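Undergrad: As a plain string of letters, each chain reads:
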Amino acid sequence: MAGVLAFGAAQAALAALGFGAAWHPSVRPLSALSRAAVAFCAGAVFLTLEGTAYSMLGIPWSFAGLALPLLLLSFAAMLRWRRVPTLAPPRIGLRSAAARWSVVIGALALVYLAVAFGSSAGTSVDYLLFWGVKAVKYADNRGIDPAFLRSRFAIHAVPEYPPLIPVVHGWGALAAGRLPWRVVPLVSAIPIAAAIPILLDRCRRRAGDAGAAVIAALWTVAISLSVVQSFSAGGAEPMILFFETVALVWLLTEHPGESRFVPTLALCGAALTKVEGTAAVFFVAFGAYLLSRGREGRRGAARAASLLLWPLASVGTWFLYQKTQSLEVGYHSHGDLLMVHADQLGTVVKELLRNLEAGSLWIAWGFAAAVVLLRVHAWRSAAPALTLAAGLLAFLAFDYLHDGSDPTQRIVWTAPRVTQSALSAVILAAGMLSLGKAPVDGPEAPPR
Amino acid sequence: MTPLLLLLLYAAVSAAAVLTARWLGKAIHAGYVLVLWALPLVFAAPGLLTGKTILPTDHAMLVLPWSSLHSAQRHNPNLNDIATHIAPWAKAVRMSWKEGTLPWRLRWSGSGMALAANPQSAAFSPLTFLMFALPLAHAFTLAAMVKLFLASYGAWLWLTELNVSRPSALFGAVCFGLSGAMTPWILFPHTSVICLWPWALFAIERLGDEGRRRRATAALTPIFLSWGLAGHPESAALGGIFVLLWLLARRFLKDMPRPGAVLRRVVLCAAIAGGLSAFLLLPQALAIAQSSRVPVAREFRDQLPARITPHGPLWRYGFVTAVFPRALGDAVGSPMIAEAAGSFPEMALGHFGVLGWAAALCILRPGSRRRRSELALLLPLIGGLGVAVELWPFFEIAVAAPVLGMMFFLRYLSWVSLAGAAIAAFELDRLREDLREGKRTAFFFPAILALLAAFGFWAYARFRPEHLASGGLASQARAFSAAWICLGAAGALFFLFRSKRLAGKTAVFAAALAAVSAGELLYQGMRLYRFQPPEDLYPDTPMLAFLRSRPGPFRVVGEKTVLFPNSSIFAGLEDIRTKDPVERLDYVQFLDATCGYPPAEEFKRIRDLNASALDFLNVRFLLTSPGRTSPGEKWRPVYSDRDGAVFENRDVLPRLYAPEKITLVSGTGKGAGTSGDAFSRFGAPPRALSAKTDWKEHAFVLGADEVIRNGPVRISDYSEAANRVSFRAQVESPAGAFVVASLVEDGGWSARDERGSWIPTSLANGPFLALRLPNGDHRISVTYLPPGFSLGLLISIGTAVLVGGALALKAILPESGGRAASEPAAPPIPAVSMPAIWLIAATAALAAGLWRSRLPFRAALHVPVTPLDYSNERLADLWHFVDDARNHVPAGATFTVLAPDLDDEMFMYMVSLGLLDRQVGLPSSYFGAPQPYGRDARYVLAYGGRRPETEGLRLIYEDERGAVFEREAR
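Protein chains in written order, with this note's numbering: chain L, 1 to 448; chain U, 449 to 1418.
Worth flagging that the hints you see were computed from the coordinates, not collected in a lab.
Here the structure is a predicted model, which means the values were calculated and not measured.
Treat the hints with care, since some could be wrong.
[Said to hold, decoys possible] Chain U side only, calculated, beta carbon under 7 Å to chain L, not exhaustive: (1) W1286; (2) V1359; (3) P1371.
[Said to hold, decoys possible] For the chain L half of the interface with chain U, some residues (derived, Cβ under 10 Å), not all of them: (4) A97; (5) G118; (6) S124; (7) A358.
Glycine residues also receive a C-beta, built at the ideal position from the N, C-alpha and C atoms.
Work the whole structure out from these sequences, hints included.
TA: Right, here's the structure in full:
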C-alpha cells in the first residue's frame, strides 16, 4: 500500500518538479488547476530530458538526484518570472445552464474513466509487454538500460520508442521501490484530467464561459470513452493526448504574437512520448503557420519554425542517447518507405473509418466532423487542429499502406488508440469553428 | 425508513411533473395540485400507515412451498398475474441490472425465455428505474401512486388547456385518474402507458402555442418514448389511435387552427420516439410473433361474431358495466356471472364514476352551446364503447384491424374512460353556466341522475337471481347502494347550489361533485386491494434453501402448481415451465410433444414426470407436495418436509454436452440465427420428437443432411449468467465436434472462442442451441442478445444522429427562405443554441458510450487482481500465474516460461521481464521460434501445470494455473 501511495505521489510530484512553468507570464493568468497542469507538463518533459541526459553521462538515477536540479530550476524560473506583471482574467463563470450541465456530464465521464481505468477495464497490453517492463528495467538500472534495449530478446519492447513514458513511470517505481502494476492504469487518468482545466481556461477566450464548458464536456466525454474503449490505460496515449491537446488549445486561442512557451513545451512532451508525436509536431507547426500567416506575416513563419525547434531538439536528445549507446539511431518505418500497396487503400480507408468508433458509436467523431464540414469556410481559425487531424490520419493511412498483406488486423489493433489525437483535434477545431469568435486581444495583455 | 423514502420519491416525481408543466408554460395552481397529489396518498394509505405492500402476496402464499408457512385467502383473483408475472419479472429485471448485465434473458423460466423482449417486464421503463430505489414490495406501491397522480394531474392539465374551468377540470381529472382504466390495473404495465395519455394530449395542445411549440415538441417526444418503453405496446397503440381520432375529429369540426401542422409534428414526435425505442420494440415484435399466444389470440379473433351486415350490440350489458362495473360480478365480493364478456378489470375499463357518467350524459341536455372540442371527444367515446359492446361497424373495424385485431376487444373501453371523463368536465362547465344564468335546462341534470338511478335499479333486479345463486348479492347491494348514494348526493348538491344563498358559487358545486366522485371511485378502487405484509412476498423456505445449496447448474420442475412458473425467480431456481405471454411457441410445443404441456392452456402443467426429455432439459430436481411417493424409478427422494418433497433425477444430463451421434437435418434450408420457429426450420412437426429417448446418445442438429459420429468433447468450467455462458471444451477430433445445450435458441445466441473467432451456432432437437467446436482446447464464450436488437439499435442510433444532426443544422444554418415563403403564417421556431447542441452531442456520446461499455456495474467496487481483469480474461490468467510464481524464484536466478500455446508463452516471457525484474529471463521460444536458452534456466514457470519438459524437475510451487519447477544445479 505504501508503494502504491508513493507511486501516486511521485506522479503528482511531477507538477512540483515543473512548478516554475506555472509562473511563466503566459501561464500566471490561468486558474490554479491550469497552472498545476502546465507544471505537470513541464515536470514530465524536463524529467525525461534530465533522465536521458543522466543516462548518457553515466550518472545513476536517484530520487533526490533527479528531483533537486529540477526543483532548483523551477525555483529560479519562478523568481525570474514572478516579477513580470500580468492581468488576471475574470474567474470562469459556471452559472449558465449549459455550463452546469457540462460540469455534470464531464464529471460523469471522468468517474467512468476512473472506474474503468481503476478496475482494469481499459488496460493497455503494451503497458504490460513493454512500457511497464522498460520502466521497471530503468528503475532497477538507475538509468535507461542500454543492455535491455540492445538485447535480441527485447525486440518486442520496441527499443527505439521515445523515453518519456518509461522514464516517468520509472521515476514512480524509483520512489515506490517497485512498479505497482495494478495501479499504473488508474494513474494514467491523470493526464486526461489535467488537460481539462487548460481547455476550459483557454477556450473561454474565444468561446466564452458556456462555450468553453461545452467544448470541455464533449472533449472529456469523447476522450474518456475512447481511451477506455481502445485499452489505453498504462500506455502512452493518455500522455500524448494531454500534450497535443494542450499545445493545440493554446495555439487555437492565442493572441497575435503571444508567447508560445506552453505549446512548445507540450510539443516537446509529444515528441518524447511517441513516434507519431514527432509527426504531430510538424503538423501542428504547419497549422500554426497557416493560422498566423494572415495576421503576423513573415514573423508567423519564423514563430512556426521555432515551434518545431525545441521538440526536435528534445527528440534529438533521445537520438543522441541512442548514438552514444551504440543503439540503432532514429525510428523504423514499416517496410520500405516508398513501397506503398495502393491496392490496400480501400481496406485501409474502410477499416480506419470503422475504427473511429471511439467508444461512442461514432457520435464524437461524427458530430465534430459534421460541425467542421459545415463551418469549413472558416478553417483557418482552426488550422493547427485541422492540420493535425488530417495529417495524422493521412500519416496513419500511409503507414498502413506499407503492409503487403491484409492490414485489417494491424488497423484493428492500433487505429482506435492512435487516432485519438486526431479526435481530440477535430473536437477542438469544431469548438473553435462553431462556438469561437475570431481571436482578439483580450483583457489579459499578451506577454511577449 | 422505507415509507419515508417512498413518500419522498413520490413527492419528487410529482414535483418533476409539476415543473414539467410549468416549463411548458402552465401556471402552477398549488391547491389543485395538492388535491390531486393527495388522492394517491389516500389510495395507498392502508399500506403507507402499516408498512404493508399493495402486491397480492396472498397469491404467493397459496402455492407450495409457501403455502406451508401459513394459511392465506385469495382476495382478488384478478391480481394473479401480478403475483405470477409482473412481480417476478420485475425481480428478474432487478437481478439482471444488479448483476451488471442488461435484462435480455429470463434464465429462470422455460430454459431461457425473453425478458426485455417481453414487453410486460418493462425492463427499460423509466418507472422501473424509479422503482429500483425501493425494495420490490414497496416499489409497487410507489409506482401505483405515481401512476395515479400522473393520470389525474395530466388530465387536469389537458382539460384546462382545452379551456375547461379549473374546478370542472378537477372533476374530470378525478373521474379519469381513479377510473376503471386505472385503479383495477394499477399494478399492471398498462397503466404506465395510460397514465401518460393525457400528458400527450396536453403537449399536443401546447403545440398550438407558437411561443412554446419547441418545448411542446421536446416534451411530446419523451412522452411517446415512455409509451414505447413502459411495457404495454397495446396501450401505446390504443393511445396513438385515440390521439389520431381526436385530431381528425377536431379537424373535421374545424376546432383546431392549422391541424395539419400539428398532426405532422405529432407524427414526427411519434416517429422519433419509435425510432429511439426501436432497440427494444423490434426484439419485442419478434418475440411476440414467435410466441405461443399468437395462435391462441388469432383463434379467439377468428371465433368472434364479426360480420359485414349491420347489427346492434351483441353484448349489450357492456352499457351496464360501463356505469355499474360490478353489475356482472367482480370476483372479489361477488362471483362473476355468465353474462360477463371478460374479467372484471376488462369490463371496468370504461367506468369513470357514476357521477362522471351522469355529467357526460348531460351532453344530451339542451342549454348553453357545446364546444367543438367536446363534440370531437364523442368519436373515441362512441368508438370505444361501440367496439366493446360489439356494435356494427365499430366492432368489425377493430377485429379486422391488422395486428390490433388480435387484441381483446374490451380494451377499447379505456378510450371511454378518458373521453368520457373529459366530456363530463366540459358538461359540468356547461351546467354551471346554466345554473349561474338560472336556465331551466339545468334541471335535466337531476333528471339524468334519476334516470341513472333507475337504470341501476333495473340492472340490480335483472341480475339479482344470478347473484343470489352465486352468493354475491350482498356485495352487489353494497355496490349499487354506493352508486345510488352518490347519485342522491349529487342531486342534493344540485338543489343546494341552486338555492338563493349559494347561487353563483358553482365552483364550489363542481368541487363538491369532484369530492363525491372521488369518494365513490376510491371506494370502488381501494376495495380491490388488500395491503399485505411485504415479508409474504415469496419468502425463503427450507426446501428452497436445500435446493439452492445443491451445486449447479441444474433446473427444476414442479408437479402441478408446486413452485408455480416464474415464482422460481424469487427462489433463484431455474424452472423448465413457462407462464408468459411471449413464451416461445416452439419451446412449448417441444414440451408438449415430449412431456405433455398443451400450449393453449392458461395454467399449464407437465403431464409426464417420467419423460426422458426432462433429462435433456437438465431437470435434476422434481418438486412435489409433501408425502408424495416417487413417480418413477429415476426419481430418488432427497428431501421431504412440510413445505414439499424433492426427488433427484438419476438420468439428468448436463446443460451442455456432446452426444455420440449427430443427425444433421437440412430442413427447410433456413439457417439458425434468426427468430423463426425451430420446427419450421427442421421441416418436421414437434411430434417427431415424441418418441425420442436417446437424448444422451443422439441429437438432431440443423445442418447439411448427414449422420455423423460426433468426436469426444470434455467440457469443464461451465458457468452461466443472464446473457452469457462460458466453458472450456477439449475437443479431440480433427473435424471438430458438436455440443448441444438445453438453452432455448431464439436466434440470439452467438459464440466465440478464446481468440475471438466465431463458433458456428445451430439448432438442436428443435429449439435448442448447438455449437460446432473446432479441434483443440478452447475457452468458449456464448453471449445472448435478443433477435432484432442489433437492427433496432442501429435504428435508434440513426434516429438519435438524425435528430441531433437536424438540430445542429437548424442552429448552424440560416433560416430557409423557401420554407418561410411557403408557410407565411408560421412563426419561426427559435433556433436551438449552439452550446445546447454541443451538450446534446456530449450527452448522446456519453449515453452511447455507457451503453456500449464493456464495463460491468460491479467494476466500481472492483479491486483488480491483475491489471487485465476486465480487459482480457485469458491474458489476465497468464499474468496472474507469473505474478504468483515470481515469489518462488530467487533474485538473480535464471528462469524460463512454458505454456501449451506458443503465443501464450511469448506473452508470459514478455510480462515476466517486468514482473521478475530481479531475475534473469531466458526464453524457451521467442515469437513462436524455439530457443535453446530456456533449457539452461534454473527455474521453469509452467503455465497449465506439468508438461513433458518438466519431467524429473522438482516441483516447488503449484496452483490451479500452473507450477514452478527447479532444476538441479549443474
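Undergrad: Work down the list of hints and note, for each, if the structure agrees.
TA: Status of the hints after comparison with the structure:
1. W1286: 4 Å, holds
2. V1359: 5 Å, holds
3. P1371: 5 Å, holds
4. A97: At about 9 Å, which falls below the 10 Å cut-off, the nearest Cβ of chain U leaves the hint on L/A97 intact, so it holds.
5. G118: For L/G118, the interface hint holds, since the closest Cβ of chain U sits about 8 Å away, which is under 10 Å.
6. S124: 8 Å, holds
7. A358: Holds, because the Cβ-Cβ distance from L/A358 to chain U comes to roughly 9 Å (cut-off 10 Å).
Comparing the model with each numbered hint stated earlier shows that all of them hold.
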